[in-house]
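Novice: In case you want the letters, here they are:
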Amino acid sequence: MRTYILKRLVQIVPTVLMITFVVFVMMRSVPGDPVVSVLGDAYTEEDAIKAREAYGLDKPIVVQYFIWLGKLVQGDWGASILTGRPVLQDVMIRLPVTLELIVLSMFVALVIAVPAAIIGALRQNTWADYTATTAAMIGVSIPEFFIGVLLLLAFSIGLGGLLPSSGWVYLPGTCPSIVCSASLWGNTMHVLMPAFALGVGRAAILTRLLRASMLEVIRTEYVTTARAKGLGERPVVFKHALKNALIPTVTVMGLQVGFLIGGAIVVETLFAMPGLGTFGIDAIVARDYQQVQGFALITALAFVVINLLVDLTYTFLDPRIRYA
Amino acid sequence: MNRRSLLIALVASLIFVSSAALAQTPKRGGTLRVSYGTEIAHLDFHTAPGYEMMWVAMNVGCGLVNITPDGKFVGDAAESWQSAPDGLSYTFKLRKNVLFHDGTAVDAAAVKFNIERVMDPATKSGMRPFYEPVHSIEVLDPQTVQIRLKQPYVFFLHMLAAYRTGLVLLSPASIQKFGVDDRKQGKPGAIIGCGPFKFVEWVKGSHLLMERFDKYFEPGLPYLDKVMIRVIKDPVTEMAAFKAGEIDFIASFSPDHVDTMRAQVPRAQILSGKETTPMLAAMKVTVPKDGKPMSPDRAPHPIFGDLRVRKAIGCYGIDRQEVVKIAFKGQATPWVGMAPPGTLESVNVNHLCPYDQAKARALLAEAGYGPSKPLTLELMTNTEKSVFNVIATVLKEQFARIGVTANIRLVDKVSWMNTTLGDGPWDMYVEDLLSLLTIDSNGYLSSAYVSTKSSAWSHPRHTDTKVDDYYARYARELDAAKRRALAKEFLEYMAENMYWNTISGSPFYMVAQPWMKGYTYNAEFEVHYDRVWLDR
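As they're listed, the protein sequences go chains A and B.
Once you know that position 294 of the first sequence is 294 in the numbering used here, the rest is easy, because the numbers rise by one and skip nothing.
Once you know that position 244 of the second sequence is 244 in the numbering used here, the rest is easy, because the numbers rise by one and skip nothing.
Each hint should be verified, as a subset may be incorrect.
For the chain B half of the interface with chain A, some residues (derived, Cβ under 8 Å), not all of them [unchecked claim]:
| hint | residue |
| --- | --- |
| 1 | Thr38 |
| 2 | Ala41 |
| 3 | Ser125 |
| 4 | Gly126 |
| 5 | Lys204 |
| 6 | Leu421 |
To be clear, the hints were calculated from the coordinates, so they are not data collected in a lab.
Nothing here was measured: the structure is a model prediction, and the numbers come from that model.
Just so it is clear, CB atoms sit at the ideal spot from N, CA and C, and this is done for glycine as well.
Chain A extracted, bound-state conformation (with noise of 0.2 Å):
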């Protein structure tokens, strides 16, 4: 186990140096200077020379991007071109706010999930079944902006202020800056409606997964002899039945980070919420390049050690499974 989990971390070193070299590559190549935002209205061309050179812009890209990754191993992450402010100062303040918004709405996608699949499993073809299927049709089809919207109307505007729309409340003792709400409820308040947007379409996506896992895995011997046996009917669905359906679904999970993380820079804008998104969607926007590779970077880590996560977690689903 321990050398399978060293071998998967020696892995991510080429897959996150591959990102950041193809996210590297792709944002020069894409129009638009920074140095034009540097010097705004002040811009001429001698300045602009003289900026792309203080910022090691006139190099060539493999050039630049070596220098960058000799920074990184030293712990530099860079400054931003616009600001000067540190890079990595910057991703530790909104990591937090993205996480914990990714961590919540993946958690309104299971509980929303789960007893939906499983419902619509065990009763199949039923006005039960048929409600679950719909509504997970319909989450699926829905963007994320569009349920934000809804929520904010009908939360909002609509019940007087019930839940706050936009802005952050930092759990206590995770306050960066000098002045900032730090409160359990303040924070809950404004992270539910964020996280029931970007969790409802995963929920959907989860409940046909899990539906159809679940209805493969009940017609199964074992399941029949589990039943045969004289076991009730929990303990065979939730023992023996769902935690084997759970693997695929994991493994979806695991993929739908991804998915989360490109939805929560449409819904912390949104919702105003001072995250990673905003912060990655500012630094393409203006071409801040060292912030976009932050970005990248963080984004990378987080993907491919949140999967490493998810193939451990089959050892616990199906002690068959063994890494060596």
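Following the hints, put chain B in place on chain A, whose structure we already have.
Specialist: Quick look at chain B alone, frame taken from chain A:
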């Protein structure tokens, strides 16, 4: 009415008057919660772009003078000022009790330091061209500073008050102690102004906080304890936050949503005024002859280098009424002149460009275009505001009516800036550019900037030195009547040559909660919170 009734009536009126007066007595304290739709670029006030930064700078920094909505100058750090009869010098007498937030005095040396910093090419301030007429700055005594000019500059006070941030005085001690990057990031101690509010912190993507400066030179001001600025980019969310009472003031509100706001929050104060921002369909007049961007060696643009084509398309080929009706629901003014209707000394020259398809077709035919040689151009627009795309679509349709095909190219803001500022390839674009307090504040259009390879904003890059001459004569003319006549002549000349093609004014809106009091609307030029108070 007997004596008793009279007495009762008198007492009742007294109670009514005093309670009304009490209701209007500013209350001290509270936090003003402001929403911005766009992130602040950075906080080096002398170089940063964008209104969002300017509206912070105006409250953290103080200047020499400010300007009221009716165009009167009022002292800021300067208690009085005098201009020489020949217009070649301005002498400012500073108030004695003005302090920077670090406790150092705002004196003549500090004023000299700040102006020289803006004028220094190494600072790379976008305001530098407007200080071109400054010859020298003399410290006459600690409270008196004299600015000597090379030639008269009638709009010198306008420029100091409200061209972009106006002159923002920062503590020389802090500027010397901290670097540009420290100011850009908003490091504690790096941004020391002399305005009513001290800068506390800026967490990019989250908030910017200012708090009351207790030693502000205006006794009793500001009323507010704090000003908290948050960025809410989505207008629907911004509206929801406003309706829920989570924010008190939207500093720039999307015109598309004004009607919805009126319907949703009838008590909201919707602030607007005369249009000072031009909505443009700019045409490129020249291109670099040697193919090198920003080259002073110019050749006519393949399409719009020909004045007949510029006039056919930009002048007679645009139905400005229709654009305004569709894009602004009629809430803007169709306009041809370079300076919009709200700009000082602006003149209506709409008669020069009536919508006339026949004339447009005739001019195009004269220039060699027609069914056998159809004209196709690229119409660039960007994603910053949805209204740009609506206008581009309307223009495409209008151009089709005169036989011209416009292919719309939608780019993001940075790509648009790259293409236009960097003298890249483009034919026509739709954008609203900077708000113009005076005609002079559009001085970037001078061809002088093309010949000196600067001129970021002279996008059309015409090389007509007569325009420079107009700018110079206009800004130097001390006689108001002569200057107004010159303004008319100048605006007509610009319209006749289509160097700057305005379609309409671009309306600007701010929205305040009913409990926000004491704010004086002065478009984008002056956004001050020192007299604002909250009646909650």
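Novice: The structure should be examined with respect to each hint, and the outcome stated for every one.
Specialist: Now the hints, each set against the structure:
1. The interface hint given for Thr38(B) is violated, since its Cβ lies 10 Å from the closest Cβ of chain A, which is over the 8 Å cut-off.
2. Using the Cβ-Cβ criterion of 8 Å, the hint placing Ala41(B) at the interface with chain A is satisfied: the shortest such distance is roughly 6 Å.
3. With its C-beta approaching chain A no nearer than about 6 Å, Ser125(B) sits inside the 8 Å limit, and its interface hint holds.
4. For Gly126(B), the shortest C-beta to C-beta distance to chain A is roughly 4 Å, which falls under 8 Å, so the interface hint holds.
5. Nearest Cβ of chain A to the Cβ of Lys204(B): about 7 Å, under the 8 Å cut. The hint holds.
6. Hint on Leu421(B) holds. Least Cβ distance to chain A is approximately 5 Å, under the 8 Å limit.
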